[in-house]
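The primary structure of each chain is shown beneath.
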Amino acid sequence: MSELLQFVFSGVTVGAVYALVALGFTIIYNASDVVNFSQGEFVMLGGMTTVFLHAAGLPLAAAAILAVVIAAAVGIALNKLAIEPARNASVVTLIIITIGASIFLRGVAQIVFDKQLHRFPSFSGDAPFVVAGATILPQSLWVVFGAAVVFLGLYGFFTRTLTGKAVLATANNRLAAKLVGVNTNFVMTLSFALSAAIGAVAGVLVTPITLTSYDIGITLALKGFAAAMLGGMGNPFGALVGGLAVGLIEAMTAGYISSSYKDAAAFIVILAVLFVMPNGMFGKTSVNRV
Amino acid sequence: MRSLKRKHITLLALVVLIAVAPLFFPSAFYYRVGTLMFINGLAVTGLVVLIGYAGQISLGHAGFSGIGAYACALGPLHLGLPPAASLVFGAVLSGGIAWLVGRPILRLKGHYLAVATLGFGILVSMVLTNEAHLTGGPDGMAVEDLGLRAALREIGISVRAPELWYWFSGLVLLAGAWLVLNLQDSPTGRALRSLHDSEIAARTVGVDVARYKLTAFVISAVYASVAGSLLAMMNRFVSPDIAGFLHSIQMVTMTVLGGAGTVLGAVTGASILTALPQVLTVFHDYEHIVLGLIMMLVMIFLREGLVPSLAKLFGRRER
Numbered sequence: 001m002s003e004l005l006q007f008v009f010s011g012v013t014v015g016a017v018y019a020l021v022a023l024g025f026t027i028i029y030n031a032s033d034v035v036n037f038s039q040g041e042f043v044m045l046g047g048m049t050t051v052f053l054h055a056a057g058l059p060l061a062a063a064a065i066l067a068v069v070i071a072a073a074v075g076i077a078l079n080k081l082a083i084e085p086a087r088n089a090s091v092v093t094l095i096i097i098t099i100g101a102s103i104f105l106r107g108v109a110q111i112v113f114d115k116q117l118h119r120f121p122s123f124s125g126d127a128p129f130v131v132a133g134a135t136i137l138p139q140s141l142w143v144v145f146g147a148a149v150v151f152l153g154l155y156g157f158f159t160r161t162l163t164g165k166a167v168l169a170t171a172n173n174r175l176a177a178k179l180v181g182v183n184t185n186f187v188m189t190l191s192f193a194l195s196a197a198i199g200a201v202a203g204v205l206v207t208p209i210t211l212t213s214y215d216i217g218i219t220l221a222l223k224g225f226a227a228a229m230l231g232g233m234g235n236p237f238g239a240l241v242g243g244l245a246v247g248l249i250e251a252m253t254a255g256y257i258s259s260s261y262k263d264a265a266a267f268i269v270i271l272a273v274l275f276v277m278p279n280g281m282f283g284k285t286s287v288n289r290v
Numbered sequence: 001m002r003s004l005k006r007k008h009i010t011l012l013a014l015v016v017l018i019a020v021a022p023l024f025f026p027s028a029f030y031y032r033v034g035t036l037m038f039i040n041g042l043a044v045t046g047l048v049v050l051i052g053y054a055g056q057i058s059l060g061h062a063g064f065s066g067i068g069a070y071a072c073a074l075g076p077l078h079l080g081l082p083p084a085a086s087l088v089f090g091a092v093l094s095g096g097i098a099w100l101v102g103r104p105i106l107r108l109k110g111h112y113l114a115v116a117t118l119g120f121g122i123l124v125s126m127v128l129t130n131e132a133h134l135t136g137g138p139d140g141m142a143v144e145d146l147g148l149r150a151a152l153r154e155i156g157i158s159v160r161a162p163e164l165w166y167w168f169s170g171l172v173l174l175a176g177a178w179l180v181l182n183l184q185d186s187p188t189g190r191a192l193r194s195l196h197d198s199e200i201a202a203r204t205v206g207v208d209v210a211r212y213k214l215t216a217f218v219i220s221a222v223y224a225s226v227a228g229s230l231l232a233m234m235n236r237f238v239s240p241d242i243a244g245f246l247h248s249i250q251m252v253t254m255t256v257l258g259g260a261g262t263v264l265g266a267v268t269g270a271s272i273l274t275a276l277p278q279v280l281t282v283f284h285d286y287e288h289i290v291l292g293l294i295m296m297l298v299m300i301f302l303r304e305g306l307v308p309s310l311a312k313l314f315g316r317r318e319r
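Line order of the protein sequences matches chains L and G.
Sequential numbering of the first sequence, starting at 1, is according to full-length UniProt numbering.
Sequential numbering of the second sequence, starting at 1, is according to full-length UniProt numbering.
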C-alpha cells in the first residue's frame, strides 16, 4: 500500500509538470492553431537559466524570476521571428518551423550553458515528510502548489480580465474577434509569452527534483502533448487532468513494469487515445469547414 | 510529356553525378563521403513521398533506419539469415510496423502524426539502448559484411571496398529514385499529391485519404530501413544513435532544404548536409543550431526548398 502511495506521489509531481507543459500547448493552440513543438525547451530554459544565474551569484528567487522573464522574451521572439512570418502556412510547415526552433534552442543552450546535468538547491530543504509509509519531498509540494497557483491564476485571468476575454474570443473565432476590435496579433504574442513563462515556471519548480540539461526539452514536449491530447486538445482543464494522468501512468509503469521504459508510457497513451477516443476526454468533436 | 521529361532529366542528372564525381576524387575518403550522400539521399527520397507528395510529416523516421540497421546486425547472428536477406527482412519489418502504427494515426491531422512518429522514434532508440544483451546497448555492435566484394572476387573482379560501396549505393539510389519518380505520375502518385493540396477536396473526389497516407508512410519507412541497412553494412558497425531523434531531424532537414517536392531537390539537400560536417570540422558543436536554423529559414523564406526555388529563378522555360 505504501508502495502504491509512493508511486502516486511521484506521479502527481511529474504530472503537475506535464500539466503545465500541456497548458502551454493549449494556450498557443487556442490562440493560433499552432502546435508549438518547442514548448519543452521553455522548461529547459527556465531550469538551465536559473542554474547559471544562481551560480553567477544571484539569489535563487531573483534568478528564477529572471529566468522566467528571459523565457517569456524567447517566446515572444519565437512568435515574432518564426511564426508570424509564416502566417497561413500549412500544418506541416508550422511543425517543421517549431521543431526547428526547438532544435535551435537546444543547440544554443548547449553552447551558452554546457552539456552537463544540473540542479540548484530545493526551496525548503531536502528532508522528506513521511505520509502513511511513503515519503514526499518538500519540493514536490512546491511543484504541486506552483502548478495550482498557475492554473488558478490563469482561470482568473481568462474569466475576470478584459485581456483574458480577448484571448478567449480570439480562440473562439479570430475573424470575429478582430471585427469587434481585438488586437489578435497582440493576443498571439501574449499567448507565446504566457506559454513560455508557464513552461519556465515548471522548469524552475521541478529542477531540484529531476535535474535539468540542455536536451530534456523534446521528451517533455512529447509528454506534454500526450497530456494535452488525452485531456482534449485546446481545453485547459483537460490539460490539467491529462497531465496528472500521464504522470501517474508513467510512475506506475516505472514502479511496476520497468523504469527504463517509463518514457514509453506517453507514446502508448498517444496511441491508445487515438484508437479509443480521438478527441480526448474533454475535447470537442472537430469538423473541418471548407 | 513535360513530367516525363523531368523524370528523365532527374535520372540523367543522377547518373552523370554518380559517374563523373569519382574523376575528381583525390582519395578513398571521398568515395566514403559520396557513399554517405547516396545512402542519405535514398532515405530522403522515401521522405519525398511522405512529405513532398502526401504532405505528411514524420519526426521518427530514424526509428525505421534503426530497425533496418539492427536487422542486418542481428539477422545473421540470431536468425542465421544471410546479410542480403537480413536487409530485406528489415525492410519488411519496417513496412509492417509502419502499417500497424500508421493505421490509427494517419486518420488524423498532421500534429498527431508528428508526435506519434516522434514517440515511435524515441521508443525504438530506447529499446535498442536498453536491450543490451541483444543489441550491445549504447556501445553498439559489429555488423557482418554484405559479401559483395567476395562475390565479385569469385568472378575475377577486385574492387576496393570504398569504391565498391560507392558504386553499389549509387545504383541503389538510382533504383530508388526511379521507383519514386514513376510513382509520381501514376494514379497513386496523383492521389498522394492531391492530399498535399487539400485533404477535403481529395476526399470529395473519392480519394481514400487514410489509405494513401498509409501507403506513403509505409513506402518512406521501407526506404529509411534500407538506407539504415546499407549504412550499417558499410560501416560494419551500428549503434543506437542511428535511431536517435537527431538523425530523424537530419532526415527532415535534408528533405526540406533541397525541396521536399522533388527527388533531385531532396538528394541535393542530403548531399549538402552530408558534406557540411566534412567541410566544417567545428560543425559538430553547432549541429543543433545549424539544423534548427535551416529548418526555420527554409520554411519561412524558401518554402519549396532550394532546388525548386533556384529552378524558378533561372528559367521560365521549364514551365
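Treat the hints loosely; a few may be bogus.
Example chain G residues on the side facing chain L (calculated, C-beta under 10 Å, incomplete) [to be verified]:
{"id": "1", "residue": "V115"}
{"id": "2", "residue": "I155"}
{"id": "3", "residue": "V159"}
{"id": "4", "residue": "R303"}
Computed list of lysine to aspartate or glutamate pairs in DMTMM-like fashion (alpha-carbon distance at most 20 Å, straight line) [stated by the list, open to error]:
{"id": "5", "chain 1": "L", "residue 1": "K115", "chain 2": "L", "residue 2": "E3"}
{"id": "6", "chain 1": "G", "residue 1": "K7", "chain 2": "G", "residue 2": "E304"}
{"id": "7", "chain 1": "L", "residue 1": "K115", "chain 2": "G", "residue 2": "E131"}
{"id": "8", "chain 1": "L", "residue 1": "K115", "chain 2": "G", "residue 2": "E304"}
{"id": "9", "chain 1": "L", "residue 1": "K115", "chain 2": "G", "residue 2": "D241"}
{"id": "10", "chain 1": "L", "residue 1": "K262", "chain 2": "G", "residue 2": "E304"}
The hints are simulated quantities; they were obtained by calculation from the structure and are not laboratory data.
No experiment lies behind these values; they were computed from the predicted model shown.
The beta carbon of each residue, even a glycine, is placed where N, CA and C say it ideally should be.
Please write out, lowest number first, the hints stated earlier that are contradicted by the structure.
Numbers 2, 3, 5, 7, 8, 10, in rising order.
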